[in-house]
Structure formats: C-alpha cells, structure tokens
Amino acid sequence: MQNKVYHRIEQITGSVIVVKADGVINGELAQVEAAHGMSLAQVIRLENENVYLQVFAGGRGVSTDTKVRFLGRTMQVPFSENLLGRIFTGSGVPRDKGPAITENMIEIGGPSVNPAKRIIPRNMVRTGIPMIDLFNTLVESQKLPIFSVAGEPYNELLAQIALQAEVDVIVLGGMGLKHDDYLFFRDKLDESGALSRSVMFVHTASDPTVECLLVPDIALAVAEKFALQDKRVLVLLTDMTNFADSMKEVAITMEQIPSNRGYPGDLYSQLASRYEKAVDFEGSGSITILAVTTMPGDDVTHPVPDNTGYITEGQFYLKNGRIEPFGSLSRLKQQVNNRTRDDHRAIMDTMIQLYSSFKETLEKQSMGFRMSDWDSKLLKYGERFEAEMMTITVNVPLEKALDNGWRILADCFHPSETGIATKLTDKFWPKG
Amino acid sequence: MSENIGKIVGVNGNLLKVEFNMPVIQNEVAYACVGDLRLKAEVIRVRGNNAELQVFESTTGVKVGDPVEFTGDLLSVELGPGLLTQVFDGLQNPLPALAEQCGFFLQRGTYLKALPRDVKWAYTPALKVGDVVVAGDTIGTIPEGLFAHRVMVPFKLRGKWTVDKAAPAGDYTVEETVAVLKDEKGNTADAKIMQIWPVKMPIKCYAERLRPTESMATKLRTIDTFFPVAKGGTFCVPGPFGAGKTVLQQIMSRNAEVDVVIIAACGERAGEVVETLREFPELTDPRTGKSLMERTIIICNTSSMPVGARGASVYTGVTLAEYYRQMGLHVLLLADSTSRWAQALREMSGRLEEIPGEEAFPAYLESVIAAFYERGGVVRLNNGTTGSVTIGGTVSPAGGNFEEPVTQATLKVVGAFHGLSRSRSDARRYPAIDPLDSWSKYPSVVDQDNVATARKLLRDGNEVGQMMKVVGEEGTSIDNFVVYLKSEYVDATYLQQNAFDEVDSSNSVERQEYVFGKLLGMLKTKLKFASKDDARSFFHKLTQACRDWNSNAFQSAEFKQTEEQMGKMLAEVSDYAE
Ligand SMILES: Nc1ncnc2c1ncn2[C@@H]1O[C@H](COP(=O)(O)OP(=O)(O)O)[C@@H](O)[C@H]1O
Ligand SMILES: [Mg+2]
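Protein sequences appear in the order of chains A and B.
If you're matching positions, the first sequence starts at 1 in the working numbering and goes up one per residue.
If you're matching positions, the second sequence starts at 1001 in the working numbering and goes up one per residue.
Derived by calculation from the structure, the hints in this document are not laboratory data.
We treat Cβ as the ideally placed atom computed from N, Cα and C, and that holds for glycine.
Honestly, I wouldn't trust all of these hints.
In silico lysine to any residue, SDA-like type, Cα no more than 25 Å apart, as pairs [to be verified]:
#1 B:Lys1456 - B:Ser1438
#2 A:Lys178 - A:Gln365
#3 B:Lys1192 - B:Thr1141
#4 A:Lys400 - B:Arg1428
#5 B:Lys1532 - A:Gln365
#6 B:Lys1290 - A:Ile119
#7 A:Lys423 - B:Glu1279
#8 B:Lys1532 - A:Lys225
#9 A:Lys67 - B:Arg1422
#10 B:Lys1532 - A:Arg45
#11 A:Lys364 - B:Lys1560
#12 A:Lys427 - B:Met1022
#13 A:Lys423 - B:Arg1455
Computed far set for chain B versus chain A, every beta-carbon distance over 10 Å [what the hints assert, rightly or not]:
#14 Asn1012
#15 Gly1013
#16 Lys1063
#17 Glu1474
Footprint (simulated), chain A over chain B, 3 or more residues, beta carbon under 8 Å [claimed, not checked]:
#18 1075 to 1088
#19 1371 to 1377
#20 1519 to 1526
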C-alpha cells in the first residue's frame, strides 16, 4: 500500500479533486503534484473506488493527469520546544527563515477530553482592563472570542491581553490575516520579549483558502501538547469568521445543502470541536483560547457569531474602541469573582444596571423630554462610567477599579438609590 | 460475534454506506471494524442491498472494503441498580470508568458496560412461586442509595405470567436471574435484575396516563408563582445565547422537588456539566439530607463529543427517566439543548441528501420533537401508585429568533413556555424569563386570581413604560406613574431572584405564598405621593429593603424585622382616604 501514485483525475471542482484509488483511508493525506508545484491534500470522502481529496493549495493549476501520491497517514504537525520563537504557514511550512521541523510528529484534531476528567476553572487571568477584570473576568482555560467589526482594534486588544496575561506559551493561529496584521503580531511579541515563548501558525489573506481550515487544528494540537507538559498556554485565533467562510466555500463546492446563509449544517459542531479544546488539565497545564470573530454588518445574529456565542464561554463585544457592557459576557466570572473581594459582584451588577438605566435616560433626552432629578443623576453617572470604566487603554488592578467604582457611585447617588445591600454600602461607601 | 457481516462501500463524514447480504434491521446497531477498533454505528436507512449507517465516532481511518458487523439489536440501554450518581455519555458509557481506563482523552471504539458486573446487590424478593404477574410488576427490591430500587418483570413481556421459580433473598449481580416466569402456553422467561431496553421505545407498563395537575416546585418565584411546571408536565426554555438557559436548568436540577433528576447535557459546553459533576457530591439535598448526587444521573454528550451520539443522549436520558418512573418515583429530565439534537438530525439528513425543510431541518423534525416530549407524563402504575417524568428542554434558536423551526415545533407540544429575553439578561434581570410572553397551562403554587392581578399590573406597568417613551414622564399622570413603579417593584423584588444568594436562590412554596401575599397587599394599596420624584425615591428605598428581606431566612428574626420596617415605610405613604 506504500505510496501508490495515481495520475488520472476524474473530477476537479473548486479545491476538491476526485481520483479512483483503493486502500485509501478516510482523512489520509496525499501529495498532489500540479504544474505550479506540490501541494498537500486530504481525503474527505470515499465512494466506492472514488476518492475525494481537498487540495490545500486549491484546485487551480491541477490538470487531469496531475500526480497524486497517497502518504498512508493523516495530517500531523511536529511538536518540540524548537517550535518556540518560530513562524509557520497554515500547513506547517516555515514562514520565517528557520529550518523545517520534522521531529516528533503528532496527530491533529485529536479526541476530546473526557468531561469526567475536567475540573472547575478557578484562576482569574488578570488583564488590567476594568471592563474585563471587574465586569467580565477572564478565567484560565476559558474560551472567549472578541466580537467586532472590521476596522475595530481587535487585534490590538488581543495582543494587549496576551502580553498582560501571565502565561507560559502563546500560540497564535492566524486565519486570513492581513499581512500588516501578521507583522503587527510578530513585532508586538518581539518587542515585549514574548516571541521566544510563542509559536505562530499564520495563514494570510493571500494564501490558499483550504490552508486556513488547518490553522485552528494545528495550533490547538500544539497547544495541547504544551499544556500536557504543565504549561499554561494561551491560544489566539484570529479571525474565526475567515475559518468559517473557508468551510462554507468547501461545503458549497461539495454541494452540501446549506443550513443558514450558505453555511453548512455542521458549522456549530465544527466550531465547537475547536473551542472545546480549551481545558485545565488536573495536575498539569491549561489551554485558554481567545479568538476574534468579526461580525459581517455588525450583526450578532449572523451565523458565525451566533453559533460562536452558543459555544464559547462568553464574548467581549468591542465597539467604537470600547468593550461594550451589553453583549459582553464572561460565563466563568462567577467561578472566581466570589474570591476576589466582597464587593466585586455587587459593584459588577449594580454599575451595569445603572448604566442600563442611563441608556434609557439618554433615549428620553434625545426625545426632548424633561429630565428629572433622577435622570440628571443617571446622566452624570453614565458619562463617568464610560470615561473611567469602559476605556481599554488603561492598566489598573481590579482592586483599584472597584474603589473607583464606589467613588463614581458616591459622587452620583445616595446609597439606597443603588439597590446595593446595606451591609455592603456600610462597609464600602466612601465617607465624606 | 455476529454472523452478519457487511462491507463498507462509502464514507462521508460520519455516514457509512455498507453493502450487506443477510437481512438487516432499521435502527439496529452495527460495528465498523477498523483494524482492532470497533466503531459503534446505527442503521438509519436501507436501500437495495446498501445500508446507511450513522457512526457514533470519528470515521478517520475507515476505508472502503472494511467489514461491518450487524448485531441485530436496536440501540438500547441497561436498566438496573447503579444508575444513580453515574455519569454516562450519550451511549451510556460510564465516563469516570472510561477515564480510569483511558486517561484525559476519550478513546474511540472503547465501550464499557453501563452497569458494573462485579457488584453484588442485596436483593429481597417480593414474590413467591405461583404469583401471577405482568410486565413492570415488582419481583423484588434492592436498596439503591435513597430508594428501594424495584427489580421488575421484564417490560418486553406480553400478557400474564406465573412465577415458576423465585430466588431467595441474597446478594446478586445484575446479570443473575431472580425469577423464572411461565405463561399459559408453557413458555418460560428469565427475569434478571438488569433489563435491556431500546431507547427509542417508550416504556408503557402502567395502568393509565393521568393529567399533570400537581405542581413541581422549582423554588424559583417566577416559575412556581407565574409560570409553573407540573409533575409529569413538559416545558421549554428558549433563549438567545447568554440569556441564562443553562443557569436556569442548573438551579432547577438542584432545587426541584422530585425524587430523581436526570441531566442530559446534549451538545453544549463540557465545562457546564463539570460544574454539576463536581459540585453535586458536595451539596446537601435539604429534602433527604444526603448529597445531591444521590438523586442524580448525568448523561453527557457535549459539543465536541461525537455528533451521532448527541441525539442518542436525549433518548438515553428519557429511557432512564421512564425506568425510575416505573418504581413510582417522580423524575425530572432536563435536556440542554434540544436544538443541538435537532442540528444533529439536520447534519445527518443533509448527508442522506433528504429534501430539506425550513432552515435545512428535515421535514420530520416536528414529529420527532413531539414524540420525545410525549414521553413525559404522570402515570398510575399497575400497583396503584403514581410516578412521573417531567421534561424540560432548552432551545437555542439561531439568532435568538423564536420563529425558527425548533422553537416553533417545541412550543406546539409543551405545557409551559419560559421564554428568556435578551433585553432582560442585558439589564441583568435574572432569571431573564420574559413575564409578558411566557405562559403555562399548569396551576400556580399560589392563588390563581392573585397571579392574574399581578400579571395585569405587570402588563399595565409595561404599557405605561412604553407610553412614557413617547410622551415622557411629564406627560404621564402620577397614578399611571405609580403603576409603572409598582410593576418595576414586582420585577425587582419578586421576578428577579439572586441565584448566588444562599437564601434568595431557593424559595419554598410556603415562603412564596407568604411573600406573594404581602406583595399583593402592597399592589392593592393606594399610595399617595407629593411628586413623581417622591414616588420614585420611595420605591427605591422599598426595593432595597425588600431585597434585604429576600436574603433573610424565612421567619427569622431579621426577616420579621425587615418586614416590619417595610410595613412602616408603606404605612407612611398609604392613602386611606378612599
Ligand atoms: N439567574 C442568574 N443569576 C445571575 N447570573 C445569571 C443568571 N442566569 C444567567 N446568568 C449569567 O449569564 C451567563 C450566561 O448564562 P447561561 O445560562 O450560560 O446562558 P445560556 O445557557 O442561555 O447561553 C451566566 O454565566 C451568568 O453569568
Ligand atoms: Mg447554555
């Protein structure tokens, strides 16, 4: 069965080609030798003697007599300490000037963790950003995307969190990344000295679509191995919408019936199998996943953000350069915010509720209604909240952010107007 | 080893096309053999001499020509003592045992017995030779944690049987025969402690189905008072992501006044199940004084686990629920989320190239959902006792839009609808059950007329609130404004409930009756204020006091003190002129 070569292509549709072959296994890799060079391809369907292959470099340039050599194995990546400081393409070829790494090949897209082996996450990841630490605390082993639209500084935010978080290894998976953004990440990690503990798998917008599909699996397979070596790993995936769009492209080529706006019916399962790689291994390391999901038309009901929101443990909604309190959520915050400070939860809930009332008052104001005393208080409050709490350019510890919260409340309201339990206002309300 | 061997001729995702020569049965279990691995699969369509099989595992490495063993058995579960406290995957593999064998990761092709074979159970017979029995009758009992687990006449037997042999009291494993039965024609049947039952078939060994009328307290005020659930009833919780579906189910799984809770974590986050898994053994159930885990079974087929087994997970869950119902127990099955199961159906339907319905869901979606919820119900068993299966499913509508097929199909068949709203969860008004849209066909734990009064006030308050957006506060009369403030007060102090406060998170029916009575008194009292600002500031203070009250233990000294304080506040503004 070793390395049989076939050179009669039955069908070429988009990036999918069909050859007649036998003894081929589902998921097997093949080398496709087309006019413009060699590409890897993967078996995605078997039908009698017909073998459907997805060509990573795309179908363009593949001829009816292109050579196909089956490799007898599924997709693998190398894993070793030597990956650190290195940059690769979506299919694992060096993108920097370094040597190719071929040692210790590992399978990608491995099985999921047994839920019975998981533990409840318990470590807060401090970012110094009040909108995160105070209102939507990030937790080690969490999976959390930044929802945003093109033009917002989501990659900057991603890099900022990555550099402020205390982690051992950073794995960046870039999908459809603009070349400038790729350089931005590289330089940012380099400047801060983090590059030597990072590995980057980057698919840029000009690379073949199918390579984009491999990025999350490769990045996460490598992350998993590091985590099993007791490392706290942070995986950055940007932009998962590009990943989903590549899936859509392939699904349409395969004539699958789309479920929603052209996306395949298994979009949820596909995204979930990647995001669920986030884990805290008991007695060993962890994987935390921060991703970017751009929302076409700022529409959170678009299938990609929508399915993502159902999978991830919350999301940071980045809009106008700020993390919006509405729409942002950390589902794991309650695992840790009972152990930070007594007043954390109360400040978190109250400030958001009041901010929501402020928004209503703004609406009334824009309709030209008279502002009551209460409205005036809310207006004052809302402005302070936006200016002092919502900015992402600051770097303050949680405790200071909480103190700041009390000060804003005290400057705007009487304790009873906040609805905070008396035992807390007695203790924390600023005097004088 | 089976005789009936087929041959793989096609692989498309988790769908296999298999050529066969001997008869195959629709929905029978088969194993695809890949090297040393045997991957479990189910026949889902047969055409000519090709069977299509859904594999419950990843099909990587499968090739054309690989053999497939057909078993002749439908997809089934094991029923017997030892189910409680367990954590299974959708196919009833015990996950903790699997972890012991395989470590951190799931290993495909590894299937373990659901019930341990080496454990001996203390069995006491309830029958003697010569007794006449029918399917579902008690043969004997075994103490299983909180309950006397009933060993029953096999559910599959038809007609009357006479006990021919009855095992004496003693210690037996689940595979041992405890009675031999004989029918009129002289056929004999062995009754073992363990039964095996196909998951897609309802267990129907009861005298009659009754109407669900008795409340099942959840200790959540919004539900028990306004949108109650009955034992043997069905309810659904649709809502966009992050609105609080899972938290709501977690709260119910702790608080619900039932004997057994089965949690089917279907295609959602593993982390959420882990919370239950790790916390329940530590939590005490106030009803029994034992750990919550003792009354719980977790079926866990989370989103990254094989899609095929996802659908199986809800059926496994409901079959186990029916089994405990047969023992005269009240069982609550919580499924989170039924949409993931519907999506699994959709994925398979797509691979089968069936003609798609709305949003590419298969045309039979509605009937499948209806048949599932139909398995809920309260029944009178042959021995006169009652048992029930209550089913609550979350629905995760695409884009949060309730007009989509799964929500609509579910709404048609359930008895209560707890709709979660994005605007409520954004404003942190938890539980985010929409008080205007939600409904229930079951009776409230408090007086129904009073509920109607409170609901009317909520509607009126909402109307005033909407009007105010158009005409402003200045264009609203003070009376209307007070209606608005009252409705906000009901929301803030009764509908909203702090899930993280030890006291507030769970309100007994008794407390709900008491507090709701007080609340209604306030609503009916005419209040007098000099200005709207005065009115607002009064309600701010009353709200704060009532929230304090909510976290005082029922009828404690503090509770009475806060109540008195609230009474005084109210007296100051009450208008007794009329
Ligand atoms: N009753 C509640 N009390 C407090 N917070 C809640 C409540 N319900 C939900 N939340 C918050 O909302 C988040 C999302 O809730 P969850 O139940 O996971 O949503 P869904 O299952 O609808 O996606 C939780 O992590 C929690 O922070
Ligand atoms: Mg949920």
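Hints versus structure:
1. B:Lys1456 - B:Ser1438: Distance of about 14 Å is within 25 Å: holds.
2. A:Lys178 - A:Gln365: Not OK: A:Lys178 and A:Gln365 at ~42 Å, beyond 25 Å, violated.
3. B:Lys1192 - B:Thr1141: holds (12 Å)
4. A:Lys400 - B:Arg1428: holds (24 Å)
5. B:Lys1532 - A:Gln365: holds (18 Å)
6. B:Lys1290 - A:Ile119: holds (23 Å)
7. A:Lys423 - B:Glu1279: violated (28 Å)
8. B:Lys1532 - A:Lys225: At roughly 64 Å apart (the allowed maximum being 25 Å), A:Lys225 and B:Lys1532 break the hint.
9. A:Lys67 - B:Arg1422: Violated. A:Lys67 to B:Arg1422 sits at ~55 Å, over the 25 Å cutoff.
10. B:Lys1532 - A:Arg45: violated (70 Å)
11. A:Lys364 - B:Lys1560: violated (40 Å)
12. A:Lys427 - B:Met1022: violated (78 Å)
13. A:Lys423 - B:Arg1455: Outside the cut-off at roughly 32 Å; violated.
14. Asn1012: Violated, because the least Cβ-Cβ distance between B:Asn1012 and chain A comes to about 5 Å, which does not exceed 10 Å.
15. Gly1013: violated (8 Å)
16. Lys1063: violated (5 Å)
17. Glu1474: violated (5 Å)
18. 1075 to 1088: With 1 residues close enough to chain A, the hint is violated.
19. 1371 to 1377: violated (count 0)
20. 1519 to 1526: With 0 residues in contact (Cβ-Cβ under 8 Å with chain A), the coverage given for the stretch 1519 to 1526 of chain B is violated.
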